[in-house]
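Protein chains in written order, with the working numbering: chain F, 152 to 499; chain G, 152 to 499; chain V, 152 to 499; chain L, 152 to 499.
For the record, the hints were derived by calculation from the structure and aren't laboratory data.
Any given hint could turn out to be false.
Heads up, the list lumps identical chains together, so a pair's fine if it works in one copy or across two of them.
[Claimed, not checked] DSBU-like mimics (lysine-lysine), calculated; alpha carbons at most 35 angstroms apart, straight line:
hint, residue 1, residue 2
1, K477, K342
2, K373, K262
3, K342, K312
4, K342, K373
5, K342, K262
Values in this document were obtained by computation on a predicted structure and should not be read as measured data.
There are 4 protein chains.
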Amino acid sequence: MFFASDNWAGASEPVLAAVLAAGRAAPVPAYGADDLTRRLETRFSELFEREVAVLPVATGTAANALSITALTPPWGAVVAHEESHLAIDECGAPEFFSGARLLRLPARRGKFEPAELARRLAELPRGLHHGERSVLSITSPNEYGLVWSPDEISAVAAVAKADGLAVHLDGARFANGLAALGCTPAEATWKAGVDVMSFGGTKGGCLMAEAIVAFDPALREKIAYLRKRAGQLVSKHRLITAQFEAWLDGGHWLELARHANAMAARLAAVIDRAADVRLAWAPQANEIFVFMSAERAARLQAAGAHFHDWSTAALAPEDAPRDGEKLWRLVTSFATTNAEIEAFAALL
Amino acid sequence: MFFASDNWAGASEPVLAAVLAAGRAAPVPAYGADDLTRRLETRFSELFEREVAVLPVATGTAANALSITALTPPWGAVVAHEESHLAIDECGAPEFFSGARLLRLPARRGKFEPAELARRLAELPRGLHHGERSVLSITSPNEYGLVWSPDEISAVAAVAKADGLAVHLDGARFANGLAALGCTPAEATWKAGVDVMSFGGTKGGCLMAEAIVAFDPALREKIAYLRKRAGQLVSKHRLITAQFEAWLDGGHWLELARHANAMAARLAAVIDRAADVRLAWAPQANEIFVFMSAERAARLQAAGAHFHDWSTAALAPEDAPRDGEKLWRLVTSFATTNAEIEAFAALL
Amino acid sequence: MFFASDNWAGASEPVLAAVLAAGRAAPVPAYGADDLTRRLETRFSELFEREVAVLPVATGTAANALSITALTPPWGAVVAHEESHLAIDECGAPEFFSGARLLRLPARRGKFEPAELARRLAELPRGLHHGERSVLSITSPNEYGLVWSPDEISAVAAVAKADGLAVHLDGARFANGLAALGCTPAEATWKAGVDVMSFGGTKGGCLMAEAIVAFDPALREKIAYLRKRAGQLVSKHRLITAQFEAWLDGGHWLELARHANAMAARLAAVIDRAADVRLAWAPQANEIFVFMSAERAARLQAAGAHFHDWSTAALAPEDAPRDGEKLWRLVTSFATTNAEIEAFAALL
Amino acid sequence: MFFASDNWAGASEPVLAAVLAAGRAAPVPAYGADDLTRRLETRFSELFEREVAVLPVATGTAANALSITALTPPWGAVVAHEESHLAIDECGAPEFFSGARLLRLPARRGKFEPAELARRLAELPRGLHHGERSVLSITSPNEYGLVWSPDEISAVAAVAKADGLAVHLDGARFANGLAALGCTPAEATWKAGVDVMSFGGTKGGCLMAEAIVAFDPALREKIAYLRKRAGQLVSKHRLITAQFEAWLDGGHWLELARHANAMAARLAAVIDRAADVRLAWAPQANEIFVFMSAERAARLQAAGAHFHDWSTAALAPEDAPRDGEKLWRLVTSFATTNAEIEAFAALL
């Protein structure tokens with residue numbers, strides 16, 4: 152019962168087959184100067200229905216930090232919600248790479264409400280002493296498992312742009328969000344106002360496939376330099392590009408995402424029927440948040456269920472745990488099996 | 152005829168099999184908190200005959216830049232030879248990650264002579280205005296294909312340490328050096344005075360396997376934080392550790408290196424017999440440097456031989472090209488075949 | 152009626168006389184290697200009743216940023232209250248110099264309550280992904296004009312140290328705080344748990360005299376390198392040291408601070424009697440915060456009173472402005488005259 | 152006999168008078184938002200016969216490092232001669248602030264010869280792995296006391312610009328150079344191709360007056376942010392601007408420079424007549440380089456003459472010291488007296 156994180160899983164068979172083929176192929180130029188890499192940029196451009204720049208990197212941390220860096224001057228200030236991965240989990244990498252300051256704003260369940268965001272931006276001081284506000288970063292599906300609809304992104308992107316901010320999307324689980332929304336990649340990103348995104352394949356069924364996608368291809372050269380200087384230009388680059396190709400091929404990525412989401416829905420249903428455990432809110436992709444006591448959780452974990460506790464520091468009062476409850480996160484993946492769900496149901 | 156670089160090749164079958172197995176295995180904790188990673192540290196400690204800290208990263212650039220960062224204060228100054236990869240090829244990454252200044256010193260064929268190094272260090276200004284001299288970085292096999300013997304390392308390490316410098320070894324082709332020397336990993340590193348090394352598996356037959364190896368395990372936590380902040384902590388970490396394990400297993404790595412070196416020796420012999428092409432110096436591992444005219448090189452390249460030109464800016468007068476000659480580098484790898492050598496011989 | 156900021160004023164006559172004398176004196180070694188600078192360190196050590204390291208810099212921003220840098224690893228996280236000067240007004244300098252991340256916590260009127268701080272620190276995530284929590288920074292007198300008593304500092308410093316944090320004090324207006332407290336410099340700093348402080352003379356009557364004071368003199372060399380690399384080692388260093396000497400001489404600094412504080416008390420009394428203007432809270436040093444309408448403020452400003460509005464974003468509900476009110480800050484200085492207070496009283 | 156450096160001296164009387172007046176004046180807005188600062192920009196624009204942006208800072212290190220930062224992307228590479236102040240004396244500040252790499256090239260007596268520079272630039276590798284070459288920095292008068300003529304600057308600036316480099320001038324002793332050349336400030340800078348300069352007043356008779364001068368005023372905002380983030384925006388800004396104004400007023404700065412240069416010429420004549428001491432080359436401004444034995448120097452120093460030894464590491468063979476000789480630098484200043492020269496002559 153592996154519900155700790157979707158990056159605990161291995162990789163899908165088509166992805167592994169592509170790695171194997173890439174590893175066995177004849178020598179090709181290193182550092183991304185190969186045909187597979189060029190082909191990938193065309194593939195992404197087709198996927199997003201416009202010319203994009205795609206720069207694979209090794210980790211989501213690098214994708215986020217370098218995306219931000221591409222959009223902010225070193226004296227900038229990047230706005231993100233206070234529990235975002237960018238602001239909490241990346242050991243200062245966004246600040247380090249960009250030189251910019253992070254401004255953490257509250258947002259109920261990690262999603263800015265446009266009028267509230269506008270009010271808070273208006274309240275933030277401006278000018279020389281405060282840095283040049285430069286980027287709004289959002290995550291979808293976000294750190295509370297919730298998906299931003301294209302309309303929701305459009306609304307906050309409009310607020311951001313009125314304030315002079317570029318928009319970054321942390322899409323570590325982009326496939327799961329897309330599978331949930333049923334819209335096109337273009338609708339979920341640049342058509343809604345996203346300028347640069349972190350495009351994640353690792354959690355969705357690859358071994359290591361993350362990329363910076365810039366919807367303005369004029370950013371390509373800048374990001375290429377930033378990536379090299381960051382030690383993120385992998386020499387046998389086809390290791391990453393082959394994974395992306397196989398993952399995207401024939402809608403494989405969305406199939407895997409739909410599976411993970413469906414497993415999450417089943418798991419949520421199982422939990423919803425249980426006593427002493429309650430869903431914090433309805434899951435929208437492949438992450439489920441539940442309230443239960445530490446003792447209850449410990450028993451489940453002792454019986455072989457892997458999952459983590461989660462911070463309640465930024466929860467709105469109406470979302471807060473009741474007495475004796477703690478918040479826990481359960482994540483499903485492309486590799487989650489019905490057997491795992493059933494075993495968990497049996498435990499409950 | 153792929154002699155452009157050893158990072159053009161794919162990966163060896165045992166390494167690919169290990170990646171496949173890792174990708175198919177049951178979920179394990181992410182970010183290196185898995186058994187395979189723990190086992191790898193034991194493996195490296197056995198290999199080096201002492202407890203070491205091993206921190207895998209995605210690229211050689213990251214391994215070099217973070218190794219340096221582990222050894223220098225941000226106000227430090229890192230000494231390296233003027234044509235070292237660190238000083239030339241990494242787009243400022245060593246300076247960016249460490250904050251330190253690079254001091255490039257000349258060294259015949261990239262190898263410092265101890266007395267000359269001592270003289271130059273004595274000449275460099277010291278004190279507040281000049282930064283705190285902190286690290287000497289050497290490369291073996293180096294940028295001219297030459298291998299430092301344990302005695303040679305010991306001699307310059309003694310000079311470095313007398314000056315207060317820690318010693319870093321860029322071991323992107325460490326296996327090829329070891330295969331050439333026939334000594335133990337310990338003799339080629341810490342026993343000779345190396346403090347931290349960049350341990351490269353990618354060029355030697357992996358798809359992507361680089362690591363920082365610190366011979367003082369007390370550096371582990373510091374490097375772990377630096378690595379995370381650098382976006383170099385790969386989430387499905389076993390992708391790298393599995394490759395290292397398979398590569399090191401049963402001496403596979405040295406076997407691959409011996410093959411690459413033997414192919415280089417054959418290629419050198421072929422070249423030595425040719426008119427209008429001459430070896431710049433005797434190769435010691437898997438890189439061959441030759442002088443020939445641009446026209447001669449262009450004809451070989453047009454016929455399908457891949458290789459690059461190389462800078463002569465730092466060559467000693469006695470190593471300099473003759474009129475009409477340019478310098479070229481040819482690299483063999485674990486994947487180089489006899490057929491490639493024979494085809495090249497036929498061309499010549 | 153100059154109540155905009157205490158850095159609008161010039162300098163006191165003894166300070167100016169010292170600058171003149173320093174400028175006329177015979178040549179002395181540059182970069183702080185002169186007798187005056189050495190003497191100053193003795194002077195500060197006497198002042199603080201222990202050996203301290205004193206490193207003058209040009210600005211309060213530099214003093215804060217370098218103080219932090221001296222106390223945190225580059226992968227660290229610095230805790231400060233959300234409206235602190237460090238977190239709001241320094242254009243990212245603390246992050247830039249230190250490499251660390253800022254964690255902004257709420258604190259009523261900018262002063263952490265120990266149990267609340269402990270609770271929040273416990274709530275913050277720990278470990279590799281979150282950076283190494285390293286410093287607590289407080290300001291006294293703070294951004295709301297309030298002074299931390301030695302007991303208050305002791306209490307939060309104990310919480311900080313139990314959490315592994317060093318303590319930094321932003322003392323841009325340290326003299327005003329000391330004058331209000333009536334305690335010794337030692338009691339207000341290291342005896343209460345402060346490790347490094349920004350010691351400000353500029354606002355208190357100098358032209359430009361800021362310093363980093365480290366209560367552990369072993370930090371001297373590190374800070375010296377950081378300062379030089381920051382471009383903060385002024386060549387004709389006696390410009391700063393002469394000011395500090397004259398300012399500290401014979402208690403001149405505290406006399407100037409007592410004057411500024413007394414002027415603030417008179418101004419507060421004047422305001423307290425006025426209709427339509429109310430003190431937000433009782434002032435403790437030389438900054439007064441008042442609520443009034445924008446129209447009222449505009450009339451005062453049009454009549455020649457200089458003062459600024461202030462953010463209410465972080466005010467507790469019980470401190471919040473009433474309908475139609477805004478928050479305004481008035482600052483007195485060593486140069487504030489009775490005539491200015493009387494003119495303002497007349498306006499009201 | 153103070154010949155150690157021109158930053159050992161105090162300040163000229165008009166400059167001190169201006170500081171006194173600024174310190175006594177009524178309160179004015181802080182952080183450069185005052186009339187004096189605005190007036191200064193007009194003054195500089197008149198001086199340079201075009202609109203310029205002028206941003207005062209506290210040190211020459213800051214002026215150099217921030218000038219470079221204004222002209223390079225963080226992944227850039229800055230070319231300077233190997234013994235330049237930028238490359239040797241600033242504790243890594245240029246790399247720290249800009250993020251860029253320094254490329255140190257040899258240049259006889261610190262002055263690039265255009266064809267040689269072009270050849271070396273052509274030799275340096277280009278592209279992603281090597282950083283984006285961005286700036287050429289020159290110093291005039293330079294680290295060997297030599298002045299670049301407008302024609303010499305034009306010639307290397309043409310080479311630089313053909314290579315895509317912007318041109319920075321380190322003008323720590325700009326006044327001395329101008330006094331020597333007899334040309335206009337415009338001719339010595341932007342008319343010859345300089346884009347941004349470090350404009351130094353401290354060594355020339357101020358206490359602390361350095362500025363970044365950008366000949367493209369569109370750089371103003373960028374540099375303003377960089378300066379604030381660097382902790383270089385002095386709050387009582389008029390301290391610096393008042394000095395500059397008095398120094399520039401009525402040609403006072405050039406008068407002081409002419410005095411320093413004349414003293415240097417007299418000192419050189421005295422030295423030229425002495426046995427056992429010889430001029431390394433003819434001085435052109437206020438720095439004199441001489442060869443003599445360490446014993447000879449020690450006797451002079453013991454008798455009260457202050458001067459320093461100097462590195463010979465980068466001297467051309469024809470400039471090298473003879474057996475038993477070392478290189479020494481003697482610097483005169485606005486404050487050097489005839490009596491000092493005569494005393495030194497008597498010693499010799």
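Is it within, between, both or neither when you check K342 against K262 at 35 angstroms Cα-Cα? within (19 angstroms within a copy, 45 angstroms between copies)
From the Cα coordinates, with 35 angstroms as the cut-off, is the pair K342 and K373 best called within, between, both, or neither? Both, since 23 angstroms and 31 angstroms are each at most 35 angstroms.
Cα distance capped at 35 angstroms. Does K373 pair with K262 within a copy, between copies, both, or neither? Classified as both; 30 angstroms inside a copy, 32 angstroms across copies.
Up to 35 angstroms between alpha-carbons, please classify K342 paired with K312: within, between, both or neither. within (14 angstroms within a copy, 40 angstroms between copies)
Is it within a copy, between copies, both, or neither that the alpha carbon of K477 lies no farther than 35 angstroms from that of K342? neither (39 angstroms within a copy, 40 angstroms between copies)
In summary, the one numbered hint that this structure violates is 1.
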